[in-house]
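Given these sequences and hints, build the entire structure.
Residue numbers (my numbering), protein chains in the order written: chain A, -13 to 89; chain B, 62 to 524.
Note that these hints are calculated values from the structure, not bench results. Built from N, CA and C at the ideal position, the CB exists for glycine as well. Incorrect hints may have been included.
Quick partial rundown of chain B residues pointing at chain A, CB under 10 Å, derived from the structure [said to hold, decoys possible]:
{"no.": "1", "residue": "Leu110"}
{"no.": "2", "residue": "His112"}
{"no.": "3", "residue": "Glu166"}
{"no.": "4", "residue": "Ala213"}
{"no.": "5", "residue": "Thr216"}
{"no.": "6", "residue": "Gln220"}
{"no.": "7", "residue": "Phe291"}
{"no.": "8", "residue": "Leu298"}
{"no.": "9", "residue": "Gly397"}
Stretch by stretch, here's where chain B covers chain A in the computed footprint (C-beta under 8 Å, at least three residues) [as the list claims (entries may be wrong)]:
{"no.": "10", "segment": "4 to 16"}
{"no.": "11", "segment": "34 to 44"}
{"no.": "12", "segment": "61 to 68"}
The primary structure of each chain is shown beneath.
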Amino acid sequence: MSNELLFGLYIFVLAGFLGHHVISKVPPLLHTPLMAGTNAISGISLVGSLVAAGAEYGTLATILGFVAVTCATINTVGGFLITDRMLRMFKKRGPGGKPGGKP
Amino acid sequence: MIESLIPVSYLIASVCFILTLQLLSSPKHARLGNLLGSFGMLVAVLGTLLHFEIVEYRWIAAGLILGSLIGSSMAIWIPMTKMPERIALSHCFGGLAAALVGLVEYMHRIHLPGGIPRFVMAALALEVFLGFLTFTGSLMAFGKLQGLITGAPVTYKGQNATNIGLFVTALVLLVLVVANPGWGVLFYAMGVIGLAVGVLAVLPIGGADMPVVISLLNSYAGLAAAATGFALGNYVLIIAGALDGTSGFLLSLKMSQAMNRSFRNVLFGAFGTGDSTGVAAAGPGGAVAVNQASVEDASEVLGAAQAVIVVPGYGMAVSQAQHALRELAVLLEGKGATVKYAVHPVAGRMPGHMNVLLAEANVPYDQIFDLDDINDEFARTDVVLVVGANDVVNPAAKNNPGSPIYGMPVFNVDQARAVMVLKRSMNPGFAGIENELFVQPNTMMVLGDAKATLRELSGALKH
Chain A
-13 MSNELLFGLY IFVLAGFLGH HVISKVPPLL HTPLMAGTNA ISGISLVGSL
37 VAAGAEYGTL ATILGFVAVT CATINTVGGF LITDRMLRMF KKRGPGGKPG
87 GKP
Chain B
62 MIESLIPVSY LIASVCFILT LQLLSSPKHA RLGNLLGSFG MLVAVLGTLL
112 HFEIVEYRWI AAGLILGSLI GSSMAIWIPM TKMPERIALS HCFGGLAAAL
162 VGLVEYMHRI HLPGGIPRFV MAALALEVFL GFLTFTGSLM AFGKLQGLIT
212 GAPVTYKGQN ATNIGLFVTA LVLLVLVVAN PGWGVLFYAM GVIGLAVGVL
262 AVLPIGGADM PVVISLLNSY AGLAAAATGF ALGNYVLIIA GALDGTSGFL
312 LSLKMSQAMN RSFRNVLFGA FGTGDSTGVA AAGPGGAVAV NQASVEDASE
362 VLGAAQAVIV VPGYGMAVSQ AQHALRELAV LLEGKGATVK YAVHPVAGRM
412 PGHMNVLLAE ANVPYDQIFD LDDINDEFAR TDVVLVVGAN DVVNPAAKNN
462 PGSPIYGMPV FNVDQARAVM VLKRSMNPGF AGIENELFVQ PNTMMVLGDA
512 KATLRELSGA LKH
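Right, dumping it as structure tokens:
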């Protein structure tokens, strides 16, 4: 087994445990923003797409890379924006026990 | 020299992503976390642009601009009720992006001297398989949510055998392609099988099981990204993919637990196709008296209530009734009643769906409660208002071992003094299961569109 693979596996497993630990603490209230947010984060595959689109590997590779960059950008940009839009809506009751905001 | 900054940018991004998830533990800091995440993403993208192989920026710029335009307009314009559809679409894009990167990487590296190392080949094959599976699987989920494909499970003879056969074929191909990386046909065949598995595996899964499916596809999209990381030797991809993968997996576990069903049952069970015709036939013929109430009667009961619990379900999303519901709740609070909201983990079509809709209607989140936190309170409640929910309030889950949902944790709605059910019609819910709650003596059925009914209730209470 190559060192590179082993090192990658170490990181994968540790990140998985860390993810389990951190995500178990996310309340059900925020499960939709969690999904939208992790979606935006996994749009990090954008960095792979950038190389595919920008290195001159041939026309087909560039076209596929371009499509990949577009898809991944939709996810990152759209994902962070829509997560923020959702999180902005979560408000606590106003001071004095009054319900916050008008319906 | 300047290239040594790339790993640094990836490290910064990884830390930001972990903080994003950590700050999601409370609605107070969640926005800051999200901001940090987008900052990390920006740093990683800028760092990547320093990569020595990137010589041509035109297509990159075009993709970034086009993607930003589509992504941001979707984020701004999509109504909150359509959130499950939007999430399904984004899994679809994520899967496609990962699969395409895998294809490009394979086409490029296969011609390099020395070929492709075995483990990189395995990572590429997994990436392409999972990526394409997520792509078509999410498209199917989107189609089902949007009503383009029937939401009911589609089954045929030998379905499970076909799916398992395809899966085994993909595994065999994986082994073969790792042994002979140069054999391109095998590699592309894996991608095609991934596309097919995505379609066929989601076909038999019904609309009410969408929370589990969407979470699972979320997990696959993450694993595809992690596989990309292994193939490219890119650690931020491995970390982000692992985080996304565990998140999706944990959510799907929680969703199946909330339905008291195993993964196997959700994926291969084709729920709700059983004897729904038998149930429907028994319904009208039976001598059960449904206590159908007018808006006036209902508003009188509501107006006298001191403690009210609202149980929202998918029907609330369908009729976009969250604002009308909140309006009614404010009126009741004005009359001195306490109003709480009880949200079941699988209410709606994705995890947390109802919470987002209630938040959109300005319901303070400290008025929203989970199953375990509120279930003892129903016995002390004057009126439970059920808005478009069905299975999550079905007492059969507690007391009828013959019911398909027996064992599923449900709200103790039947213990309340009075129950008011807003429902479109007397048809059984998605799963085709009769709900005895509806024929209880203390249950009032108010039939009609939930939004219109809630508006009329508010109107009647104002007088």
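Status of each hint after checking the structure:
Hint status for Leu110 (chain B): holds, given a least beta-carbon distance of 7 Å to chain A, under 10 Å. Because the beta carbon of His112 (chain B) sits about 6 Å from the nearest beta carbon in chain A, less than 10 Å, this interface hint is met. Checking Glu166 (chain B) against chain A: minimum C-beta separation of about 7 Å stays under 10 Å; hint holds. Because the beta carbon of Ala213 (chain B) sits about 25 Å from the nearest beta carbon in chain A, more than 10 Å, this interface hint is broken.
Taking 10 Å as the C-beta cut-off, the interface hint given for Thr216 (chain B) is violated, the closest approach to chain A being about 28 Å. Hint status for Gln220 (chain B): violated, given a least beta-carbon distance of 28 Å to chain A, over 10 Å. For Phe291 (chain B), the interface hint holds, since its Cβ comes within 10 Å of a Cβ in chain A; the closest pair sits about 5 Å apart. Interface restraint check for Leu298 (chain B): the shortest CB-CB distance to chain A comes to about 6 Å, inside 10 Å, so the restraint holds.
With 10 Å as the threshold, the beta carbon of Gly397 (chain B) stays out of range of chain A, its nearest partner Cβ sitting at about 12 Å, so the hint is violated. Closer than 8 Å: that is the beta-carbon criterion, and the segment 4 to 16 of chain A has 12 residues meeting it against chain B, so the requirement of 3 holds. Proximity of the segment 34 to 44 of chain A to chain B, defined as three or more residues with a beta carbon under 8 Å from a beta carbon of that chain, is established by the 11 residues found. Restraint check on the segment 61 to 68 of chain A versus chain B: 8 residues with Cβ-Cβ distances below 8 Å, three needed, restraint holds.
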